[in-house]
Amino acid sequence: MSKVKEKLKVLVVDDEPSILLPLEFLMRKNGYEVFIARNGTEAIESVNKELPQVVVLDIMMPDVDGYEVCRHIRKKEEMKGAKVIFLSAKTKETDVKKGYAVGADLYIPKPFSTRFLMEKIKEMTVS
Numbered sequence: 048m049s050k051v052k053e054k055l056k057v058l059v060v061d062d063e064p065s066i067l068l069p070l071e072f073l074m075r076k077n078g079y080e081v082f083i084a085r086n087g088t089e090a091i092e093s094v095n096k097e098l099p100q101v102v103v104l105d106i107m108m109p110d111v112d113g114y115e116v117c118r119h120i121r122k123k124e125e126m127k128g129a130k131v132i133f134l135s136a137k138t139k140e141t142d143v144k145k146g147y148a149v150g151a152d153l154y155i156p157k158p159f160s161t162r163f164l165m166e167k168i169k170e171m172t173v174s
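Okay, so the sequence shown: first residue is 48 according to this note's numbering, each after it adds one.
One should not assume that every hint holds.
Within a straight-line C-alpha distance of at most 35 Å, the following computed DSBU-like cross-link-like pairs (lysine-lysine) qualify [claimed, not checked]:
#, residue 1, residue 2
1, Lys96, Lys137
2, Lys144, Lys56
3, Lys167, Lys157
4, Lys54, Lys167
5, Lys54, Lys145
6, Lys122, Lys167
7, Lys56, Lys96
8, Lys56, Lys167
9, Lys76, Lys144
10, Lys96, Lys144
11, Lys56, Lys122
12, Lys137, Lys54
13, Lys123, Lys54
14, Lys96, Lys157
15, Lys167, Lys123
16, Lys157, Lys127
17, Lys139, Lys127
18, Lys169, Lys76
Keep in mind that the hints were calculated from the coordinates and are not lab data. Predicted model only: the values in this text are computed from it and were never measured.
Using the sequences and the hints given, assemble the complete structure.
As structure tokens, then:
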């Protein structure tokens, strides 16, 4: 009679397959329902369709950048409780400040520890 816990929806957005694929694998292994996007346009479409609870987001992408995707998420009423985590090679203080200014919950510089990322997702989503 145990209640089936709904899987946490996680969207991973990065134009770099060497980051996207291992993260997708790791998230699935940890029991999350994972969606991937290879650019900002795909990310916005996925956000609108899937309403993920967590978005792991690169900033520098070929079309729509991560800042814009984050702004889109923060404007959507249905995404109010969503957590946005930036993973970025942009490590200047101004970049980090801008990330938090557009609505990020966490900003992790690349290269990053997958263990640290997974711990943070667990911390942010424990209800």
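Checklist entry - Looking at the structure, which of the earlier hints fail to hold? => result Failing hints: none at all.
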